[in-house]
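A.B. asks: Those protein sequences? They're chains A and C, same order as listed. According to the numbering used here, the stretch in the first sequence is residues 1 to 274, in order. According to the numbering used here, the stretch in the second sequence is residues 275 to 620, in order.
Source of the hints: derived by calculation from the structure; they are not laboratory data. The structure displayed is predicted, hence computed values, not measured ones. A few of these clues could be false.
Unchecked claim - Taking lysine to aspartate or glutamate pairs in the EDC-like style, the calculated list, with each CA pair at most 16 Å apart, reads:
1) C:Lys439 x C:Asp476
2) C:Lys529 x A:Glu90
3) C:Lys599 x C:Glu573
4) C:Lys424 x A:Asp205
5) C:Lys345 x C:Asp317
6) C:Lys529 x C:Asp476
7) C:Lys345 x A:Asp245
8) C:Lys424 x C:Asp450
9) C:Lys345 x C:Glu325
10) C:Lys381 x C:Glu329
11) C:Lys345 x A:Glu165
12) C:Lys510 x C:Asp476
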Amino acid sequence: MLSTLSPSQLIRHSVRRAIAAFQPRRPRGVSGLEWAPSANFVVHNEHASTSISFAPCTTSRQPARYFWEFRLYGRNPLEPILVRRSDVMELHGQQTIESADLCRESGLPQLFHYCEVMAYSPDVTPRGVSSVLVSYHHFRSTDGSFDAHLPAAYIWGAARFTRTEQFHYENFPAAQCTADSRIVVITLNPFVRPVNVWIRLVGADGRSWEDGPVRIAGKGLHRWESGHAPLDTLVSPVGVLTRSDSKTASFVGSIDVPSGRMTNLEHMHPFFAA
Amino acid sequence: MNSDRSVGKDCNACSVSGEGQPSRRNVCNCYQITYEQMQRIVDETNGASFETLRENYQVGSRCTSCEYEIKDMVRVWQEEHARGMVGMAGVQIPLGRRIGASWRGIKTAIRHHFTLRRFAIFMIRRNDISTSLALSNLAFPEDRSNVNGKQVEFMVTLFDVDGRKLARRTGLVLRDGCSVELSLEDLFPDVRGDVTGMMIIDYRLLRQVGSLRPYCVFNFSHGVPARRGRWHYHDKYAAHDYNGHYHCNHPFQPKQECWMAISNPLASSYSSAVHLRLADGTTISRTVDVPPLGSMWVELRSFFGLQRPSEWSDPNALIWFENKKRLMVWFAWKQLSDGRWIVQHH
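Here chain A stands alone, though its shape is the one from the complex (with noise of 0.2 Å):
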């Protein structure tokens, strides 16, 4: 390997080593992370449904055993209305649960509820920046009121450096946002306490407008639509920017308002601080 290395590779590869050797190792395969749960939403009504499934190997090449814990929360942030424990899996397995399923065991006639995940696996920690091993959901709709496919949201942990300063905010480019088309915003609160959250639509000229607060409780969810923006203040494509007392996660899509189809909705983005 060394070999392949530019002269300023080499000294730096050589100084890290030099540091390494003086610093006390843990043994291989453990790290100082900890397995950290996701954070996403299921719903399900007459016309849509969702479908969620975990494989471990999403972010783990380690043979090991793997469990989840499906976490469904209502009104109480502290206690789940239902909790599904996995059997016991190897790095290659996969399991779903339909929501479907969740609606019959939980007694309710429909659901657009907050839900958690929590992968790990007590042989191995997690490696890399990675400590979440996220679940993926798989939203359809027979009317096509809800179609998306979504990875759970970070709830701890994180690739990238995320810039915050006294409000956490996230963004999401070139949202479409007419009188044909409105944008929703879904944004979850991953902790035990209320968060307020604000909503920005800033047009592709700069002018923006904001709403909110809006007040979401822990373990909680809220839908905001565009129906009341000053649609014709602001020029398309428009930015969207969420603003909150606390860390959220939100998803942005469009509704195509002639047929009430969703055309797309996805996660948003902290602002990058490197």
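Go by the hints and put chain C onto chain A.
C.D. replies: Chain C in isolation, oriented as in the chain A frame:
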């Protein structure tokens, strides 16, 4: 899976009610700082504010989720201090920490002033699909002005499936506070017909990426031009190997067709075994070869040679790649009934 309605406290990262993890208890999981270490840091700095700790120890600077827990620890320390339980002294940061923070700042400033910021993303134009580039240059809302100045300059280079350079557009500018969506026709008017490949976006002199991460918008008309659909997706991981497997959890959904988009952002070719495991345990393996800067766009059922009727589905199928070298992979589902698409954001 087992199911119950048991009560479980859920206030920190490691709480699980099943078979547990090691007893480690991190406050800042990104920097692997335990509760005891954080307590020592608060003692060592005489109860410095969260902002000071973030600057000098980097705690809370990555995912930021530990902000309130650290603030609570500092508040408790200060309350004990006020009651005379802890010795008096001003906030003090050890010299080594201050030097470290300054060095990080200098290193970052130098890197940002002398290197282009490069992002790569898959693009396609064929039949009723057309991708466009979406950018927003929004100042961080609490800054007086945009840290990247009044405008940012960037260039876009287009490569085809074989990694050959098709076109380059330089001197593009995006003003502060503005958003833009640029189609392939806007960017490269001389490139005509069907195109599948990758765009590389290079920014000059960015102090912070902020909101400037490039996205592509996957536009489709599904036969009704007035009812266009659109999906955003963005670039992938930084220039390091992935610690998991590139994978797709549930490719074969009922009445949907799954497509895979791949772009290789590296100057070396990528080759990997790709495995498909069906719910019945059958595993099918294929090889993917992507040339340097090349791309692929394939329908998965054909790629794996599956002879199944169109109504067949296997939502519990799993696809994964063996090679962990940097690659960008996206998945897209086409509704067979009306041609609408759902595109995985990343």
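A.B. asks: Between lysine 345 of chain C and glutamate 325 of chain C, is the straight-line Cα distance small enough, at 16 Å or below?
C.D. replies: 9 Å, holds
A.B. asks: Hey, lysine 510 of chain C versus aspartate 476 of chain C, does the alpha-carbon distance stay inside 16 Å?
C.D. replies: Within the cut-off at roughly 15 Å; holds.
A.B. asks: Quickly compare the C-alpha distance for lysine 439 of chain C and aspartate 476 of chain C to 16 Å and report which way the hint goes.
C.D. replies: 15 Å, holds
A.B. asks: Can the restraint linking lysine 529 of chain C and glutamate 90 of chain A be considered satisfied, given a maximum Cα separation of 16 Å?
C.D. replies: Measuring from Cα to Cα gives roughly 29 Å; hence the hint is violated.
A.B. asks: Quick one, are lysine 345 of chain C and aspartate 317 of chain C close enough, alpha carbons at most 16 Å?
C.D. replies: Given that 16 Å is the threshold and the Cα spacing comes to 14 Å, the pair holds.
A.B. asks: Could you grab the alpha-carbon distance between lysine 381 of chain C and glutamate 329 of chain C and see if it respects the 16 Å cut-off?
C.D. replies: Distance of about 15 Å is within 16 Å: holds.
A.B. asks: Has the given pair, lysine 424 of chain C with aspartate 205 of chain A, been kept, meaning a C-alpha gap of at most 16 Å?
C.D. replies: 13 Å, holds
A.B. asks: For the pair supplied as a hint, lysine 424 of chain C and aspartate 450 of chain C, confirm whether the alpha-carbon distance does not exceed 16 Å.
C.D. replies: 5 Å, holds
A.B. asks: Within 16 Å, alpha carbon to alpha carbon, are lysine 599 of chain C and glutamate 573 of chain C?
C.D. replies: 23 Å, violated
A.B. asks: Do the alpha carbons of lysine 345 of chain C and glutamate 165 of chain A lie within 16 Å of each other, as the hint requires?
C.D. replies: 14 Å, holds
A.B. asks: Taking 16 Å as the top limit, are the C-alpha atoms of lysine 345 of chain C and aspartate 245 of chain A close enough?
C.D. replies: 14 Å, holds
A.B. asks: When you check the alpha-carbon spacing of lysine 529 of chain C and aspartate 476 of chain C, does it fall within 16 Å?
C.D. replies: Violated, at roughly 39 Å.
Of the numbered hints given earlier, the model fails hints 2, 3, 6; all others are met.
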